[in-house]
Amino acid sequence: MSIFGIIRIALKSLTRNKTRTFLTMLGIIIGVAAVITMLAIGQGAKKIVEDQVNSMGTNVIMVTVNFMQSSSNVRQAAGGGTLLEVEDVEAIRDNVDGVLYASTVYNTWGQLKFEGSNWRTGIMGVDADYFFIRDMKTSQGELFHASEVEMGAKVCVIGKTVADNLFGDVDPVDKIIRIRNIPFTVKGVLEAKGQNVMGMDQDDTVIAPYTTVYTRLLGQRWRNMMVLVSAKSKEAIQVVQQDILDLLQSRHRGTTSEVFSVRTQTELADTANSVSNTLTILLASIAGISLLVGGIGIMNIMLVSVTERIKEIGIRMAVGAGKRDVLLQFIIEAVAISIIGGILGIFLGFAAAKIVGDIMKWSVAVTPWSVVLSVGFSMAIGIFFGWYPASKAANLNLIDALRYE
Amino acid sequence: MANQDKTRLLSTEHLIKTYTMGDIQVHALRGIDLNINTGEFIAIMGASGSGKTTFMNLLGCLDKPTSGSYILDGIAVHQMSETELSQIRNQKIGYVFQSFYLLPRTTALENVELPLLYCKKCSLHERHEKARHALSIVGIADRAKHFPNQLSGGQQQRVAIARAIVNDPVFILADEPTGNLDTRTSIEVMAVFQELHRQGKTIVLVTHENDIAQYSDRLITFRDGKIISDRVNPSPRIATDDLMNLPSLDEED
Ligand SMILES: Nc1ncnc2c1ncn2[C@@H]1O[C@H](COP(=O)(O)OP(=O)(O)OP(=O)(O)O)[C@@H](O)[C@H]1O
Ligand SMILES: [Mg+2]
Chain A
1 MSIFGIIRIA
11 LKSLTRNKTR
21 TFLTMLGIII
31 GVAAVITMLA
41 IGQGAKKIVE
51 DQVNSMGTNV
61 IMVTVNFMQS
71 SSNVRQAAGG
81 GTLLEVEDVE
91 AIRDNVDGVL
101 YASTVYNTWG
111 QLKFEGSNWR
121 TGIMGVDADY
131 FFIRDMKTSQ
141 GELFHASEVE
151 MGAKVCVIGK
161 TVADNLFGDV
171 DPVDKIIRIR
181 NIPFTVKGVL
191 EAKGQNVMGM
201 DQDDTVIAPY
211 TTVYTRLLGQ
221 RWRNMMVLVS
231 AKSKEAIQVV
241 QQDILDLLQS
251 RHRGTTSEVF
261 SVRTQTELAD
271 TANSVSNTLT
281 ILLASIAGIS
291 LLVGGIGIMN
301 IMLVSVTERI
311 KEIGIRMAVG
321 AGKRDVLLQF
331 IIEAVAISII
341 GGILGIFLGF
351 AAAKIVGDIM
361 KWSVAVTPWS
371 VVLSVGFSMA
381 IGIFFGWYPA
391 SKAANLNLID
401 ALRYE
Chain B
1 MANQDKTRLL
11 STEHLIKTYT
21 MGDIQVHALR
31 GIDLNINTGE
41 FIAIMGASGS
51 GKTTFMNLLG
61 CLDKPTSGSY
71 ILDGIAVHQM
81 SETELSQIRN
91 QKIGYVFQSF
101 YLLPRTTALE
111 NVELPLLYCK
121 KCSLHERHEK
131 ARHALSIVGI
141 ADRAKHFPNQ
151 LSGGQQQRVA
161 IARAIVNDPV
171 FILADEPTGN
181 LDTRTSIEVM
191 AVFQELHRQG
201 KTIVLVTHEN
211 DIAQYSDRLI
221 TFRDGKIISD
231 RVNPSPRIAT
241 DDLMNLPSLD
251 EED
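First to last, the sequence lines map onto chains A and B.
Counted the way the working numbering counts, the first sequence spans residues 1 to 405.
Counted the way the working numbering counts, the second sequence spans residues 1 to 253.
Keep in mind the hints are simulated off the structure, nothing from the lab.
Beta carbons: idealized from backbone N, C-alpha and C, even for Gly.
Please note that the accuracy of each hint is not assured.
Said to hold, decoys possible - Not everything, but these chain A residues come out facing chain B in the computed CB check (under 10 Å):
id, residue
1, 2
2, 3
3, 8
4, 16
5, 85
6, 116
7, 310
8, 323
9, 325
10, 397
11, 398
Can you make the complete structure from the sequences, with help from the hints?
Right, here's the structure in full:
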């Protein structure tokens, strides 16, 4: 008998018990939808990370102290200068070829006050170069200058959220706010950046000269800082990276290359990507389990169906159906359930991914290969889980099957 | 028809079927030697358990003999593989069962088409044509779209007969085809068989009722897995005549 004939028979028997067929299919639909959604979410996470890394600026190199590696050194060399210092930043800026900008970055928190309003937010102490590295501009007023950083001027620029919450309708420029009770003059309001892809408000920030933040706000020799560097060109990055490391090592005697972490944007992206890939695989495997359960559901129903239709199988064999015909009929039934379920699952997955994306404000992306993967996988599940019931059917003894009640 | 009588359709030689159930052996057939020519209409009788069904199943290639030989249409059936047997069932044999064995939730027409689905070259259109034709031969073309549960027993058996003849088999086997039917319907079904016989089909049927056996032209009796008598029926009854002599349906009710 032709394969098309068998397909027709299989589809006909599926439509004969629609509710059951649909419920069996539901397992696959949900499984495939879950896989598609999870892959889309993973893909979205990947994109977020990429955006985040890109939003750092262009050709950026980040220098930090590697605490894991240096913790023992810190104790040994307390006060001996194993940590980054402001002088290091100047050395990097002045002595490493290919460095365009370099800026100290201190991060802290604090309470802001303006007249009756209060606002708690993150405070960054940076060099004037920071604005160029991050490509920041003001929408009102202006940025602070290198000279003001040098002087330790009590000035700052604020993000839009801070401006809105502290000032309302009042123009913040040249007003004096209190940061941890120290008065700062607001020089400008930064251009609004909105939420970042993780949903964090990028405008909820205050940026002040690091000198001021360091002496006025931190008030102690707390020297945990980060250095952001931007290289002249993409090509220069690698050389610059190595040179910075060499420089730091020569400036801090007795340190190994592991103490300082000098990482390029690409490296950060790679690490982040491998994290989000792991996340994607994890999510997809969990979803894959539900697909597997769906497959077991198919096997279960097919076994029931074979038992129910023993007489039908006997009749078909009596009028000339061979083993192969019966085997194929049942496998095709299983595969049809799984493939149709798979296709419906893809649509459901698309919808779910879209909804998740809308809710989380992520750009979730359904990739073509996740569709191919799901259909292929659900087909394989149909064959795999359909095989046992089908071979059970095909190996029935004709006479026994006919007599079965 | 007379010239067809000479052609050998099948022959069995010392056909034995033994069922083994655990330690117990059931000798269902103890050596059957039988020749059947094309165009014969044979009735097999015998007590319950005498091996009639077992023999029919062997003739119909539904089962394999324990030993002995069975030559059908020049083919040594006892040596065939299961796949080959399924093709023989499909091409050469039409089997009618006591309890009809129609597929439920499947129209009469689709039931009749069933054997055609399993034969190689037969287009959709051809299938419909052949199935319709078979239904009209058994006289229920108007019930083509009915489901088995919408048909009377007699009509269901006609559908089963139509299914048996749809692939134009060399012979038709019927195991107690009237066993589940009342007298009138039984005779109606026998009229169908006699008509098929007139058209040249070879028919072997099993029955418990002597009246039914009288419509055939050769009577074989089984006992304990053996043939104890095999004789020609000198004057077969004519089912259509009997139908006319029966009281009308209204009175019967
Ligand atoms: N599948 C089987 N397994 C074991 N024994 C069987 C099997 N089929 C038939 N038999 C035995 O073989 C013998 C012949 O059975 P068979 O069905 O051929 O009788 P029969 O002449 O058709 O009887 P009836 O007139 O009641 O239909 C019986 O003793 C029966 O119990
Ligand atoms: Mg019987």
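Worksheet item: Hint numbers the structure violates, sorted upward?
Response: Numbers 2, 5, 6 and 7, in rising order.
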